[in-house]
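Chain by chain, the residues run as shown.
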Amino acid sequence: MSGKTGSGNFFEDFTLGQIIEHATPRTVTTGDVALYQALYGPRFALQSSDEFARALGLERSPVDDLIAFHIVFGKTVPDISLNAVANLGYADGRFAARVFPGDTLSARSEVIGLKENSNRKAGVVWVRTTGRNQHGETVVSYVRWVMVRKRDEAAPAPAASAPDLPATAAELQAPAGADFSAWDYQQAGAHHRWGNYQPGERIDHVDGITIEEAEHMMAARLWQNTARVHFDQHAAGKGRFGRRLIYGGHVISLARALSFNGLANACVILAINGGSHANPVFAGDTIYAWSEVLERIELPGRADAGALRLRTVAARNRPCADYPLRDSAGTYDPDVVLDLDYTALLPR
Amino acid sequence: MSGKTGSGNFFEDFTLGQIIEHATPRTVTTGDVALYQALYGPRFALQSSDEFARALGLERSPVDDLIAFHIVFGKTVPDISLNAVANLGYADGRFAARVFPGDTLSARSEVIGLKENSNRKAGVVWVRTTGRNQHGETVVSYVRWVMVRKRDEAAPAPAASAPDLPATAAELQAPAGADFSAWDYQQAGAHHRWGNYQPGERIDHVDGITIEEAEHMMAARLWQNTARVHFDQHAAGKGRFGRRLIYGGHVISLARALSFNGLANACVILAINGGSHANPVFAGDTIYAWSEVLERIELPGRADAGALRLRTVAARNRPCADYPLRDSAGTYDPDVVLDLDYTALLPR
Amino acid sequence: MSGKTGSGNFFEDFTLGQIIEHATPRTVTTGDVALYQALYGPRFALQSSDEFARALGLERSPVDDLIAFHIVFGKTVPDISLNAVANLGYADGRFAARVFPGDTLSARSEVIGLKENSNRKAGVVWVRTTGRNQHGETVVSYVRWVMVRKRDEAAPAPAASAPDLPATAAELQAPAGADFSAWDYQQAGAHHRWGNYQPGERIDHVDGITIEEAEHMMAARLWQNTARVHFDQHAAGKGRFGRRLIYGGHVISLARALSFNGLANACVILAINGGSHANPVFAGDTIYAWSEVLERIELPGRADAGALRLRTVAARNRPCADYPLRDSAGTYDPDVVLDLDYTALLPR
Chain A
2 MSGKTGSGNF FEDFTLGQII EHATPRTVTT GDVALYQALY GPRFALQSSD EFARALGLER
62 SPVDDLIAFH IVFGKTVPDI SLNAVANLGY ADGRFAARVF PGDTLSARSE VIGLKENSNR
122 KAGVVWVRTT GRNQHGETVV SYVRWVMVRK RDEAAPAPAA SAPDLPATAA ELQAPAGADF
182 SAWDYQQAGA HHRWGNYQPG ERIDHVDGIT IEEAEHMMAA RLWQNTARVH FDQHAAGKGR
242 FGRRLIYGGH VISLARALSF NGLANACVIL AINGGSHANP VFAGDTIYAW SEVLERIELP
302 GRADAGALRL RTVAARNRPC ADYPLRDSAG TYDPDVVLDL DYTALLPR
Chain B
2 MSGKTGSGNF FEDFTLGQII EHATPRTVTT GDVALYQALY GPRFALQSSD EFARALGLER
62 SPVDDLIAFH IVFGKTVPDI SLNAVANLGY ADGRFAARVF PGDTLSARSE VIGLKENSNR
122 KAGVVWVRTT GRNQHGETVV SYVRWVMVRK RDEAAPAPAA SAPDLPATAA ELQAPAGADF
182 SAWDYQQAGA HHRWGNYQPG ERIDHVDGIT IEEAEHMMAA RLWQNTARVH FDQHAAGKGR
242 FGRRLIYGGH VISLARALSF NGLANACVIL AINGGSHANP VFAGDTIYAW SEVLERIELP
302 GRADAGALRL RTVAARNRPC ADYPLRDSAG TYDPDVVLDL DYTALLPR
Chain C
2 MSGKTGSGNF FEDFTLGQII EHATPRTVTT GDVALYQALY GPRFALQSSD EFARALGLER
62 SPVDDLIAFH IVFGKTVPDI SLNAVANLGY ADGRFAARVF PGDTLSARSE VIGLKENSNR
122 KAGVVWVRTT GRNQHGETVV SYVRWVMVRK RDEAAPAPAA SAPDLPATAA ELQAPAGADF
182 SAWDYQQAGA HHRWGNYQPG ERIDHVDGIT IEEAEHMMAA RLWQNTARVH FDQHAAGKGR
242 FGRRLIYGGH VISLARALSF NGLANACVIL AINGGSHANP VFAGDTIYAW SEVLERIELP
302 GRADAGALRL RTVAARNRPC ADYPLRDSAG TYDPDVVLDL DYTALLPR
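Protein chains in written order, with the numbering used here: chain A, 2 to 349; chain B, 2 to 349; chain C, 2 to 349.
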């Protein structure tokens, strides 16, 4: 391999406190918004209509919060997870400044935890990744941890250090300048507002969407995500699954779009508290989803909007009318592919 | 199913004269235009080049008329046809204000006819749907009728009432502010103008395009069309066809793009007089098309442009050199998938 | 076939010195840029970030040079290569004015060579094609030659005339107004600058991308490329390969995107000196690539940037760690699908 070809970092390349400035700043456009629409099918009015956004006091529609997440995540792949064995989890994900077409995003990560596996073949790396816009404002910040292979099993390991992570994101930041008391429930497609949801309530989102190879690869390339497992059937055909793996974030976006049917007014993602890609997803799988209301949260000083902490679960090739999740031993149902704990804003 | 999940209207939910304001206003962008280009491949110069449009006196290219149609149609699905057994027809479709990137579209329907089937299991619903831009101007208005299941066969039916529908659209509205005497036939790709087409003339559009699952699903999601039959292979695999059905409008757009080869200057759709999706279309089918000139129509007060009433027929897996349509008994050839009666503007 | 349906030119329709103004001017948008991103996955910072471009003195990001090439190429297909048997080669391709969103491209070709095959069934046509923007500035100009069928084998042939073609493009034109001394290597993703590359150096780009039918057809339609072999499985199923052929330019764009891993700062294509689509590519094939530095070139009067003449080779279903190319007899390895000789600019 040429010395000019990047092969990613291995476990022993990371050091606690290390700052990594990720490559390739990326300007977001209405082209990205149209592709997001075509790939996932969201119908949240705030992101769909500039006029709807203007009625709330914004200049135009912000882009879907997950566009920012996917772009920032994609930037980290060449440095953090090119040699990952597994993507283990997310925590303390906070969305801050909203992203509008024309904004340029870049990303930086700090290594906040390292722990070698007992077999010394790999180790867990925790990073806090922060995406910023061209003004230096944070648009999204989250912790994720991945298990990364070692280049050399004999390489010495740093002292184990795992970060303390909050069960829910430390901070909720509603979109600046938006007055949700002007929300048009008719246009948004449902009359259920914040106060209409009860903790413990479960919602089957009913619809299913089958994923095609062309779709998940176009998505991953759109996010400049370079993880090889998504793209190379020649190599994957000889591997563990015999198939290309679908980027976990693709499933998050599908589940979020499906969740419109039942959560039409949960219009802005404020936080990703945690998430697990419980089982792999392949082209040809049909994704269904259900959600549970975990908590109803007041937003300080806001009479126009509140937040719901939600669990959205996606399953493959299995409708979710009976809310599949785990068996009695606590193991994920083999059909469950996503268990996402997040917080969304709703008008009240 | 949660009370918050929409399950669409059933036949007995509709009442004559009912007005339905459909959800999810949608801003059209050049991102949509690029995706339309990628999905269908049109080459009509007016929609392809801002400079070409400016030479006619417009500010920029309008978007393809069918983008407006698909977006408006998509909005009606959750309310009108989520429980449809069949999409029976279109009539009196009129395109009015042209749509430009930045415009926001919304849709409203009025129920103008209801007729229960004799078996009482379903009924036909006629609606007039009107799409408007952010200024309240009509961009497209059309009648369609669908057969919708009843939730409860025992539910009482309204008195049967079917609307009178014109054979051709009641009104033709050329693009405001465009002077077609400045039309550049060289750039547009053909020298055939309005006067060169004769009623009765038939044109084989020659080329064929094979449809992939990823394409028609991306299209339907782009239009926020939520009809389940397009997306869910897990459910479709157990159904009547064993396959996902392709949105009829996808075939309309493919046939229209194919028709460029022979109708390169038929640049604006003024009306959809009627249409039938004669047979279902599935991924893997190759679409061919032919057209017949039904009528040559003067546009009042316009020396720069005229209209042609056209029939464009699409077939699957069957080239159209012999103009397939119906057998002697009047039944559609099983290869015919679309029979569209529409009116287009040409420079003269 | 109707007299209004284009069936392309046959060998005997071309005359030396003939000028062909191709149809369908096309405005480039950020929608095209997003689709290019989704279809190929490039990560070159200059085209990815408006802010990065501004730091060099440009108003915003130019679009990928290959977008201009593909659009201009696509325009020529209905006139030049609709009846082509084979696309034989490229030469003297020069990129001049950079293309920005909002620019409108059109294309013209001059027939500069004609040579009938000895079997009289077809002949080689050389054209110089020039794409221009709305200001009349050349954006790209290149020679290509194709073997085109004769409509009538008995038709008389013109005197054979083959143009002299330079081994490398006659002219290199760096982007106007860009100062590459402000290049941010950190953001661009690699610290290797012009002077770090040595003639003879070879780089394996490591990654592989599998191509899907939906992707290459969406690309070809985006470029308004009408070559039937890309789209019509019904016809292709009965043909020589039994499959749809993938547009050669699709492979160029994939190889270029893959080449980021090793050539991250080769940010602008200045010239295409030559190229050969060595073997056909089909959906399902996985593309890998490697590059060789052929020459290091000073750009007159520029201390901020230099040029590299590069060979980028793409192979299918075969990683390129051993740099596959030709066998000892000079025949292309059957896995090699592209051999492209081009010149790119790098900051120095």
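Honestly, the hints are just simulated from the structure, not real lab data.
These numbers were taken from a predicted model, which means no experiment stands behind them.
Note that CB positions come from ideal geometry on N, CA and C, so glycine has one too.
Keep in mind that a hint or two might mislead.
[What the hints assert, rightly or not] Distance ranges between label pairs, derived from CB positions:
1) B:Phe101 <-> A:Ser329: 32 to 42 Å
2) C:Asn118 <-> A:Asn280: 51 to 61 Å
3) B:Glu299 <-> A:Glu60: 42 to 52 Å
[To be verified] Among chain C residues calculated to face chain B with C-beta under 10 Å, some are:
4) Lys5
5) Thr6
6) Leu17
7) Gly18
8) Gln19
9) His23
10) Ala97
11) Ala98
12) Phe101
13) Gly103
14) Ser107
15) Glu216
16) Met218
17) Thr227
18) Asp233
*Structure versus earlier hints, numbers of those that do not hold, lowest first*: 1, 6, 7, 8, 10, 11, 12
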